[in-house]
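There are 2 protein chains.
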Amino acid sequence: MNALEERIMKDGVVKEGNVLKVDSFLNHQMDVELFKWMGEEYKRRFAGKNINKILTIEASGIGIASVVALEFGVPVVFAKKSKSINLDGEMYTAQVESFTHKNVNTVIVSKKFLGPEDHILIIDDFLANGCALQGLIQIAQSAGATVEGIGIAIEKGFQQGGRMIRNLGYQLESLAIVESMDAANGSVEFREQ
Amino acid sequence: MNALEERIMKDGVVKEGNVLKVDSFLNHQMDVELFKWMGEEYKRRFAGKNINKILTIEASGIGIASVVALEFGVPVVFAKKSKSINLDGEMYTAQVESFTHKNVNTVIVSKKFLGPEDHILIIDDFLANGCALQGLIQIAQSAGATVEGIGIAIEKGFQQGGRMIRNLGYQLESLAIVESMDAANGSVEFREQ
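Note that the protein sequences, when read in sequence, are chains F and R. Those letters in the first sequence? Residues 1273 to 1465, by this note's numbering. Those letters in the second sequence? Residues 1273 to 1465, by this note's numbering.
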């Protein structure tokens, strides 16, 4: 087991409905030393990729992306959730459905900060059905940017998002892939990597 | 001028209505190397303070707080904006008015992650009228936590937030304090520190 898998075993909480709560170290309280390890691991897994920018989405992706960006020595751009429907044409936009919050957000990235010259690493905390990732990929494509890779903290391997993204040909690296979990006894099984 | 002030002069854009756009390096695209410098500067300014946790608010505060937390070697907790009115009593809450978005958000922090044992540094990107800061201070007080200091990137010195917070006795350190700006010629004047 790697450092993230060990931490999930220690501090993750399995809830009914295939919910894995990791808010004590990943997405409410944040263990930035763990994020530093994640950055080193992504650096190893994406070695040889020419990455000049990291793209993520608010809010939980921002902390991880910022610490990972320090490892890569590149800036971060985060897609913002927008309530505004009057966008002024200076923004790339995508619709992102949230199953957690049961709503659809428009996410936006300013055209100033993403373009054909960019070779990006997409970073996010969770991958389940893949809606947020599809939105970020769509924004990257609108910008003509090259997606060099995708780094996820925790992938729910029993949902279809990861397989779909890999089938599209992207190098997707999830540091922990949960194959199954059981709220009754709190157990979590990881995919061997 | 320090590194942040120089960057504001170089890449900040002054808009009508006392708006200072710094989205190319602070709160949409993020220069994490600059955040690292900010962390070192806060470490110097809050030397001798016994800080064990950083508190910030989503979304723009998270990137800065995460990189600053690496410098301090402590975890971050970020207050979440919540649309839910059915909170389960496991959360500290505060109302925060946003002048940018013309609305009021309820922000929440889980009671699990803040308590009387915590000595916190509050971090945020902007300070103008001080509404977001007041919400975070209120949450810290509800938790019985000690606010050891407040670190802001850019303070609008011509609005009342900074004076009010300092009058309450908090050590508030803003790395750039804008005394005045002029959209007509793009000029920005900083307070001498």
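Watch out, some of these pointers could steer you wrong.
Since the list gives no way to pick out one identical chain from another, each pair is judged satisfied if it fits inside one copy or across any two copies.
Taking lysine-lysine pairs in the DSSO-like style, the calculated list, with each CA pair at most 30 Å apart, reads [what the hints assert, rightly or not]:
| no. | residue 1 | residue 2 |
| --- | --- | --- |
| 1 | Lys1315 | Lys1384 |
| 2 | Lys1308 | Lys1287 |
| 3 | Lys1287 | Lys1352 |
| 4 | Lys1353 | Lys1374 |
| 5 | Lys1287 | Lys1321 |
| 6 | Lys1282 | Lys1383 |
| 7 | Lys1315 | Lys1287 |
| 8 | Lys1315 | Lys1374 |
| 9 | Lys1384 | Lys1282 |
| 10 | Lys1293 | Lys1321 |
Everything labelled a hint here was simulated from the structure, so no lab data went into it.
If the cutoff is 30 Å on CA atoms, where do Lys1315 and Lys1374 land: within, between, both or neither? Let me know, please. neither (34 Å within a copy, 41 Å between copies)
Checking Lys1315 and Lys1287: alpha-carbon separation at most 30 Å within a copy, between copies, both or neither? Classified as neither; 32 Å inside a copy, 39 Å across copies.
When Cα atoms must be at most 30 Å apart, do Lys1282 and Lys1383 count as within-copy, between-copy, both, or neither? between (42 Å within a copy, 20 Å between copies)
Identical-chain pair category, Lys1293 with Lys1321, by Cα at 30 Å: So Lys1293 and Lys1321 fail the 30 Å test inside a copy (32 Å) and across (32 Å) alike.
Is it within, between, both, or neither for Lys1384 and Lys1282, if the alpha carbons may be no more than 30 Å apart? Answer is between: at 16 Å across copies they meet the 30 Å cutoff, but 42 Å inside does not.
What label fits Lys1287 with Lys1352 when the C-alpha limit is 30 Å: within, between, both, or neither? For Lys1287 and Lys1352, the Cα distance is within 30 Å both inside one copy (29 Å) and across copies (21 Å).
Go through the copies and call it for Lys1308 and Lys1287: within, between, both or neither, with a Cα cutoff of 30 Å. within (27 Å within a copy, 37 Å between copies)
As a check of your reading, is Lys1353 near Lys1374 (CA-CA no more than 30 Å) within one copy, between copies, both or neither? Answer is both; intra-copy 15 Å and inter-copy 16 Å each pass.
Tell me, please, which holds for Lys1315 and Lys1384 at an alpha-carbon limit of 30 Å: within, between, both or neither? Classified as within: same-chain Cα gap 26 Å, cross-chain 33 Å, threshold 30 Å.
Within, between, both or neither: how does the pair Lys1287, Lys1321 come out at a Cα-Cα threshold of 30 Å? So Lys1287 and Lys1321 fail the 30 Å test inside a copy (37 Å) and across (38 Å) alike.
The structure does not agree with the numbered hints 5, 7, 8, 10 stated previously, though it agrees with the rest.
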